[in-house]
Amino acid sequence: PGRRPVTGSAVTATLLIMRSPVKVRLAWQPDMARHLIRFGVPLIGAGALNQLILNTDYVIVNRYLGTAVAGAYFLAFNISNWPMTLISFSMRRTAVAGFARLQGDPAAIQRAFVGAATLLISATLPMALLIGLLAPEVLTVAYGPKWAIGATALRFLAGISVVRLFYSLCIELLAALGHTTGIFLVQVAWWLALIAGMWWGAVHHGLVGVGVAQFAAALGVAMPVLFWLLHSHQVRPSQLLPRLARPLLGGMALAVVVFAVRAAFDASVARLLIGGAAGVAAYAVVVLPGTPALASARRLARARRPVAHS
-7 PGRRPVTGSA
3 VTATLLIMRS
13 PVKVRLAWQP
23 DMARHLIRFG
33 VPLIGAGALN
43 QLILNTDYVI
53 VNRYLGTAVA
63 GAYFLAFNIS
73 NWPMTLISFS
83 MRRTAVAGFA
93 RLQGDPAAIQ
103 RAFVGAATLL
113 ISATLPMALL
123 IGLLAPEVLT
133 VAYGPKWAIG
143 ATALRFLAGI
153 SVVRLFYSLC
163 IELLAALGHT
173 TGIFLVQVAW
183 WLALIAGMWW
193 GAVHHGLVGV
203 GVAQFAAALG
213 VAMPVLFWLL
223 HSHQVRPSQL
233 LPRLARPLLG
243 GMALAVVVFA
253 VRAAFDASVA
263 RLLIGGAAGV
273 AAYAVVVLPG
283 TPALASARRL
293 ARARRPVAHS
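Numbering-wise, the numbering used here puts 15 at position 23 of the sequence shown, and it's gapless, one number per residue.
Keep in mind that the hints were calculated from the coordinates and are not lab data.
Remember, predicted model here, so these are calculated numbers, not experimental data.
Glycine included, every Cβ here is placed at the ideal spot set by N, Cα and C.
Be aware that one or more of the hints could be misleading.
[To be verified] Each pair of labels, with its calculated beta carbon distance range: (1) Thr48 / Arg93: 34 to 40 Å; (2) Leu236 / Ala19: 46 to 52 Å; (3) Gly96 / Asp258: 56 to 62 Å.
[Stated by the list, open to error] Here are the simulated SDA-like cross-link-like pairs (lysine to any residue), alpha carbons at most 20 Å apart as the crow flies: (4) Lys138 / Val200; (5) Lys138 / Leu57; (6) Lys138 / Ile71; (7) Lys138 / Asp258; (8) Lys138 / Ala259; (9) Lys138 / Thr59; (10) Lys138 / Phe69; (11) Lys15 / Val3; (12) Lys138 / Gly198; (13) Lys138 / Lys15; (14) Lys138 / Ser260; (15) Lys15 / Thr4; (16) Lys15 / Phe31; (17) Lys138 / Phe66; (18) Lys138 / Val261; (19) Lys138 / Asn54; (20) Lys138 / Asn70; (21) Lys138 / Gly58; (22) Lys138 / Ala62.
Build out the structure end to end from the sequences listed, making use of the hints.
Okay, structure coming up:
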């Protein structure tokens, strides 16, 4: 399995060279090599650290809380990754190229970042909230009642999934701007904070401590350092806050509806299906009227409306 990505990349590169309208000539350019090393080596290191960040919790939970809890945690982590799996692949294929085209225009980069982040958070927030609020029901329906012990971990991990996606978008922006050394430093800070926090949390507070440590490391260490790096490139994450008002209100409406459904039904399947559908509907009622796409559609409809003549 490890050879497949390499083989696929080699085949893709060969086909691109064969079909390129420009003749490709192999040559050694020291200046270009130095630039690629400065850009690529920190990015490789950051990728390796990302794997450590994603797997450190398994090691700590298994070591200090036992294999049974580690198994439940593993299932909870897989479920919490659903939003990441649905969105991150497409984002990584398009974000760097899109941001890179805007280099040299800070205002355009700012607008693109705010727009992309708003869309990303608006799309992932309801998924994360539903997974977190209905954590016992999700685990019971997906894996059986005995795995519902992972609900505590799933609630925290569902929230972290939104943070991770937003973090990934910021990382893609920094990569497009060529600041890969900063990406590596952020990953180092996050990993070190994660190790210390999760060890202390697991020893003293169990799964709850592990979940709180995840949030503390992400929001208290990684994101502030990341925001500082973005500010150094004239990107202001604070301008995103007004755009998040509707998604946050929609999240509150979703939570109220889900709690009402949980109080009305006892069966896990009913809570999951009815609560999920009603929660998404409540979220959409609040959020969709403020989306740019709907506003554009309304303007287009008004423009096409025939004008009455007296």
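Quick rundown of the hints versus the structure:
The hinted window of 34 to 40 Å between threonine 48 and arginine 93 holds, with their beta carbons roughly 36 Å apart. Checked against the given bound of 46 to 52 Å, the beta carbons of leucine 236 and alanine 19, roughly 49 Å apart, stay inside it. In this structure, glycine 96 and aspartate 258 meet the distance hint of 56 to 62 Å, their C-beta atoms being roughly 60 Å apart. The hinted pair formed by lysine 138 and valine 200 meets the criterion: a straight-line CA distance of about 18 Å does not exceed 20 Å.
Among the hinted pairs, lysine 138 with leucine 57 is consistent with the structure: their alpha-carbon atoms are about 17 Å apart, no more than 20 Å. Between lysine 138 and isoleucine 71 the alpha-carbon distance is near 16 Å, which keeps this suggested pair within the 20 Å criterion. A C-alpha spacing of about 17 Å is found between lysine 138 and aspartate 258, which places the hinted pair at or below 20 Å, so the restraint holds. Between lysine 138 and alanine 259, the direct Cα distance comes to roughly 16 Å. Compliance with the 20 Å bound is thereby established for this hinted pair.
The hinted pair formed by lysine 138 and threonine 59 meets the criterion: a straight-line CA distance of about 14 Å does not exceed 20 Å. Simply put, lysine 138 and phenylalanine 69 have alpha-carbon atoms about 16 Å apart, close enough for the 20 Å limit, and the pair holds. Proximity of lysine 15 to valine 3 is assessed by CA-CA distance (about 18 Å); at most 20 Å being required, the pair is judged to hold. The hinted pair formed by lysine 138 and glycine 198 meets the criterion: a straight-line CA distance of about 18 Å does not exceed 20 Å.
Only pairs whose Cα atoms come within 20 Å are accepted, and lysine 138 paired with lysine 15 is rejected, the gap being roughly 62 Å. Restraint check for lysine 138 and serine 260: satisfied, since their Cα atoms lie roughly 13 Å apart, inside the 20 Å limit. Among the hinted pairs, lysine 15 with threonine 4 is consistent with the structure: their alpha-carbon atoms are about 17 Å apart, no more than 20 Å. Our distance criterion of 20 Å between C-alpha atoms is broken by lysine 15 and phenylalanine 31, whose separation comes to about 25 Å.
Among the hinted pairs, lysine 138 with phenylalanine 66 is consistent with the structure: their alpha-carbon atoms are about 14 Å apart, no more than 20 Å. Between lysine 138 and valine 261 the alpha-carbon distance is near 16 Å, which keeps this suggested pair within the 20 Å criterion. Between the alpha carbons of lysine 138 and asparagine 54 the distance comes to roughly 18 Å, so the proposed pair stays at or under 20 Å and holds. A distance of roughly 17 Å separates the Cα atoms of lysine 138 and asparagine 70; the hinted pair therefore holds under the 20 Å criterion.
Pair hint lysine 138 plus glycine 58 holds up; C-alpha atoms about 16 Å apart against a cutoff of 20 Å. Straight-line distance between C-alpha atoms of lysine 138 and alanine 62 comes to about 13 Å, which keeps the hinted pair within the 20 Å bound.
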